[in-house]
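Take the given structure of chain V and dock chain U to it, following the hints.
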Amino acid sequence: MIGPVRFFLAAGIAAAAFANLWQVNQTLRWVKPREDDAVVVLESRLRFIRNALMKEGYWRGDVGYMPAGILQGHSRTSVDDEQWALVRYAMIPWNILQDSLHAPYVLIDGTKSGTPIEVPPGFVPIYDSADGLVLVKNKPIP
Amino acid sequence: MILALAGISVATLIGYFITSLLWPTDFNTPCAIFVAPAIGIGLCSIIFIAFRRPLFVIEAGLLLVLAICWFTLKKPSMGSLQSLRTWRPPAVYLLLACGLGMAFSYWMIRVERSPHGDGDAVSIWNSHARYLYRDGASWRKTILNTFHPDYPLLTAASTARIWRYMGQEIPDSAGMLGVFYALVAVGVLTSTLAYFRGASRAGLFGLTLLATPFYVDYATSGSADVPLSLYVLVTIVLICLHAKGGSESRGLMVLAGFAAGCAGWTKNEGMLFILATSLALLTPIFRDPGLTLRRFVAFLAGIAVPMGMILWFKLAIAPPNDIFAGRQYSEMILKLVDPQRFLTVLSNLCGQFLSFGNWLVNPTLFLGYVVLVGIDRRMLVNRGWIHGVLICALVLFGYFAVYMITPMDLQWHLDSSLPRLYLHVWPAFLLLAGLIAAEPKPPESVN
Numbered sequence: 000m001i002g003p004v005r006f007f008l009a010a011g012i013a014a015a016a017f018a019n020l021w022q023v024n025q026t027l028r029w030v031k032p033r034e035d036d037a038v039v040v041l042e043s044r045l046r047f048i049r050n051a052l053m054k055e056g057y058w059r060g061d062v063g064y065m066p067a068g069i070l071q072g073h074s075r076t077s078v079d080d081e082q083w084a085l086v087r088y089a090m091i092p093w094n095i096l097q098d099s100l101h102a103p104y105v106l107i108d109g110t111k112s113g114t115p116i117e118v119p120p121g122f123v124p125i126y127d128s129a130d131g132l133v134l135v136k137n138k139p140i141p
Numbered sequence: 000m001i002l003a004l005a006g007i008s009v010a011t012l013i014g015y016f017i018t019s020l021l022w023p024t025d026f027n028t029p030c031a032i033f034v035a036p037a038i039g040i041g042l043c044s045i046i047f048i049a050f051r052r053p054l055f056v057i058e059a060g061l062l063l064v065l066a067i068c069w070f071t072l073k074k075p076s077m078g079s080l081q082s083l084r085t086w087r088p089p090a091v092y093l094l095l096a097c098g099l100g101m102a103f104s105y106w107m108i109r110v111e112r113s114p115h116g117d118g119d120a121v122s123i124w125n126s127h128a129r130y131l132y133r134d135g136a137s138w139r140k141t142i143l144n145t146f147h148p149d150y151p152l153l154t155a156a157s158t159a160r161i162w163r164y165m166g167q168e169i170p171d172s173a174g175m176l177g178v179f180y181a182l183v184a185v186g187v188l189t190s191t192l193a194y195f196r197g198a199s200r201a202g203l204f205g206l207t208l209l210a211t212p213f214y215v216d217y218a219t220s221g222s223a224d225v226p227l228s229l230y231v232l233v234t235i236v237l238i239c240l241h242a243k244g245g246s247e248s249r250g251l252m253v254l255a256g257f258a259a260g261c262a263g264w265t266k267n268e269g270m271l272f273i274l275a276t277s278l279a280l281l282t283p284i285f286r287d288p289g290l291t292l293r294r295f296v297a298f299l300a301g302i303a304v305p306m307g308m309i310l311w312f313k314l315a316i317a318p319p320n321d322i323f324a325g326r327q328y329s330e331m332i333l334k335l336v337d338p339q340r341f342l343t344v345l346s347n348l349c350g351q352f353l354s355f356g357n358w359l360v361n362p363t364l365f366l367g368y369v370v371l372v373g374i375d376r377r378m379l380v381n382r383g384w385i386h387g388v389l390i391c392a393l394v395l396f397g398y399f400a401v402y403m404i405t406p407m408d409l410q411w412h413l414d415s416s417l418p419r420l421y422l423h424v425w426p427a428f429l430l431l432a433g434l435i436a437a438e439p440k441p442p443e444s445v446n
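Each protein sequence line maps, in turn, to chains V and U.
Under numbering that gives the first Met the number 0, the first sequence has 56 at position 57, and the numbering climbs by one with no breaks.
Under numbering that gives the first Met the number 0, the second sequence has 5 at position 6, and the numbering climbs by one with no breaks.
Where hints are given, some of them may not hold.
Now the in silico label distances, taken between C-beta atoms and shown as ranges [stated by the list, open to error]: (1) Ala136(U) x Asn50(V): 19 to 29 Å; (2) Arg139(U) x Pro120(V): 35 to 45 Å; (3) Val78(V) x Lys73(U): 52 to 62 Å.
Coverage of chain U stretches by chain V, computed from C-beta distances (three or more under 8 Å per stretch; other residues unrestricted) [as the list claims (entries may be wrong)]: (4) 95-107; (5) 123-129; (6) 209-219; (7) 278-285.
Hints listed in this document are in silico derivations from the structure and should not be mistaken for laboratory results.
Heads up, the beta-carbon is just placed ideally off N, CA and C, and yes, glycines get one too.
So here's chain V without its partners, still in its complex pose (with noise of 0.2 Å):
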């Protein structure tokens, strides 16, 4: 009697296994193509900034990070943070400071909040994007 149980028992876990499998591979349905991956979006976006800062012969070291809602004098959102995640990432060595102007030059980033950058005073800009980032420099005390 066990050996037919059995038998039925294992073809059951083996059925639960496919449906499980199937169940995984329905899940790709809501997973946004390569292009859409908001990491390989902003990837591509950044590297004229990473191009940019190594024209100007500053391979590693600090750099601002300001959204450009948090310059004219919101409060800091979810979104921002998340935001700065990535770029921290994608900058990769640059050290990423966020919310600061205290560094040689500084990302505005203005993708998110879709709020018009002003350049602050003190930063002269060496590279807009023309869709929301702008990198900037710290102009020396004269």
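Chain U alone, transformed into the frame defined by chain V:
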């Protein structure tokens, strides 16, 4: 792609030569083949961190020396290859192959679409890998600019090592390595159960691991949880095999020590695993001190190299861990004796055990299988099995204690990490469950 495969093959070959040299003669060769990649990747990640620039020279030299030792000491013959030709895979492995095909199709698409992995991979593991790859020798200072710079480096170093082999930074590498770890874990589980319990049991339990949606998905995440689960499984497998092999198989304990060390080199939770394994191995010390100490010395010999790396990393580079830094004993003790926290942690631990895998059909059926076929009473006195259970129990107890004292919001901490912690012991749990279930005709291999 070919260069990435070359990097993985070199690590696997190094692992195979070491495993084979320490493996007892005529002792379950398929299992050695699946253990080898775990050992090789662990060792190569240590070589990458320790030597950095002359990586290829060191690995080529090591491979050459090991190959010479292997050919000289093992004297491989063509007979083993001929036995491969006569091997016919059991029918149940067809099911496993179908499962592998389904999982593989998921893995390939998932990695292609999300090449940078999940949030943890982006902020921690791949960030570490990028500093190791992009920042030369100054990574020791700049890695502090990432989230959780105190996390050990096996996963990050393995990814950066593959980038070195490829000569460029391909973000998909971390996900592909994760798939490799998962495949190795399925191989280790299946080959070990096939050795101890036969092909049907092995195929069924291997398929159960492979069909755990959370495990399959997390393999591509680029995080270190699946690699850690592999090292936990490999350590327990080696301890079980050593228990069968007796005193002649001390090499297996050396390998178990190395695998446990790699667990600690993979994640901070691995340090708890090392502690749990050490305690479990030392439990028979009052009954048989001489033998227990000899076993433990072999374990320590294996763990020495990865433990040296961990200590160097923790003392010279990593900042204090966020759970324990700046804590006061009085505050932790207050949390430990808080009955409300105790109930919250306990109810979450019990509640999530049956749901952490994100199953469509929960595999509790397999527990029914274990109950139905009965318990093999010989396993209840088998040293390897008892050690495995004790290790898993101690690890879970350790996780429980950490939740009790966590400085973070308890519910948030439980929700964000508990399923991953269950993942660490899930393959080992399947192994132990597969071993305890009785067979109608017990095979020769079980003591």
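These are the hints, each one checked on the structure:
1. Ala136(U) x Asn50(V): 19 to 29 Å: holds, 24 Å
2. Arg139(U) x Pro120(V): 35 to 45 Å: About 37 Å separates the Cβ atoms of Arg139(U) and Pro120(V), which means 35 to 45 Å holds.
3. Val78(V) x Lys73(U): 52 to 62 Å: holds, 59 Å
4. 95-107: Per the Cβ count (6), the hint holds.
5. 123-129: holds (count 3)
6. 209-219: holds (count 6)
7. 278-285: Our answer is that it is violated, as 0 residues pass the Cβ test (under 8 Å) against chain V, missing three.
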